[in-house]
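Going down the list, the protein sequences come from chains A and C. Numbering of the first sequence is given in the working numbering, commencing with residue 97 and proceeding in unit increments. Numbering of the second sequence is given in the working numbering, commencing with residue 26 and proceeding in unit increments.
Derived by calculation from the structure, the hints in this document are not laboratory data. Here the structure is a predicted model, which means the values were calculated and not measured. There could be a bad hint or two in this list.
Label pairs and their in silico Cβ distance ranges [what the hints assert, rightly or not]: (1) A:Asn188 to C:Asn163: 50 to 58 Å; (2) A:Arg185 to C:Gly115: 31 to 39 Å; (3) A:His187 to C:Ile176: 15 to 23 Å; (4) A:Asp191 to C:Thr151: 45 to 53 Å; (5) A:Glu196 to C:Asp164: 45 to 53 Å; (6) C:Val152 to A:Glu193: 19 to 27 Å; (7) C:Leu190 to A:Glu196: 23 to 31 Å; (8) A:Asn182 to C:Val85: 47 to 55 Å; (9) C:Val152 to A:Arg185: 39 to 47 Å; (10) C:Leu132 to A:Glu196: 17 to 25 Å.
Some but not every residue of chain A turned toward chain C, in silico, with C-beta under 10 Å [what the hints assert, rightly or not]: (11) Gly116; (12) Thr128; (13) Tyr150; (14) Ala171.
Ideal Cβ placement from N, Cα and C applies to all residues, glycine included.
Each chain, letter by letter, is given below.
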Amino acid sequence: MMEPGLYHMLFISATLFFIGVYGFFTRRNLVTMLMSVELVLNSVNLNFIAFNKYLWYDKMDGLFFTIFVIAIAAAEAAVAIAIIINLYRSHNSIDVENAEELKY
Amino acid sequence: MSGSTIIFYLLAALTLVSAVLAVTTRMIFRAAIYLLFSLIGIAGIYFWLQYEFIAAVQIVVYVGGIVVLIIFSIFLTQQAGDELPKQKMGRQLFSALAAFCGLALVLLQIAQHAFVETGGEVVAPTVANIGNQMLGVNDGGYALPFEVVSILLLAALVGCIVIALKSKPEQT
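Chain A extracted, bound-state conformation (with noise of 0.2 Å):
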């Protein structure tokens, strides 16, 4: 056990993009699916800190794109929500499967 520095960092975040990838590739379900996505996202920003803490630290430009990131995120849950919900309404089911057709 080595005192955690960039690398590890890095490996937290690459080994959490992939858990997300693969949350994506193998759910069926469009809330799930969402999940994964929120997992990679995170997984982005840790990215952004690491360096902003261990390479670039005489500047803040990744803790702010990690703050936008954040924000961005937040208005694309609200959206896929709102999808998700209306979906249901029409096919009252929200599995991708029973969503084929791009039609109301």
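Guided by the hints, dock chain C onto chain A, whose structure is given.
Frame of chain A; chain C shown alone:
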């Protein structure tokens, strides 16, 4: 090995284990709760890195906002207590293989790459520094992206209302 190191490894384990459980469990409500713990673990890592503002934003927006939104959407769209249908073995296997190969590739690249520090004076991520730079219009200020994001949030708000409050289909 110091206490801080132990705390870091505990937070990392919490984050990764709950993330794995969140994408593998078949109870959808439990998946949301595991996602909650994973996000709290990430907020803990931000605290550990002494980015307290980002950690607070993470807790307020993700744990307090997005997870609650997801739980509400589960309540609205899912019959309570239903398990998700079991996935095909082949699909799980190939997804795991693809994710593992991608992870191996990325970790190999990270291990081979030598990262160069810029070196320079440390700018502490205090709330005062963040606020001054975020609303600054000088070189390196983030006033324009800030305004663009606020317009985007407004557009998303209006869009959500328009999508979710669609008029009822005509009675036939």
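Hint by hint, which ones does this structure get wrong, listed from lowest number up?
-> 3, 6, 8, 10
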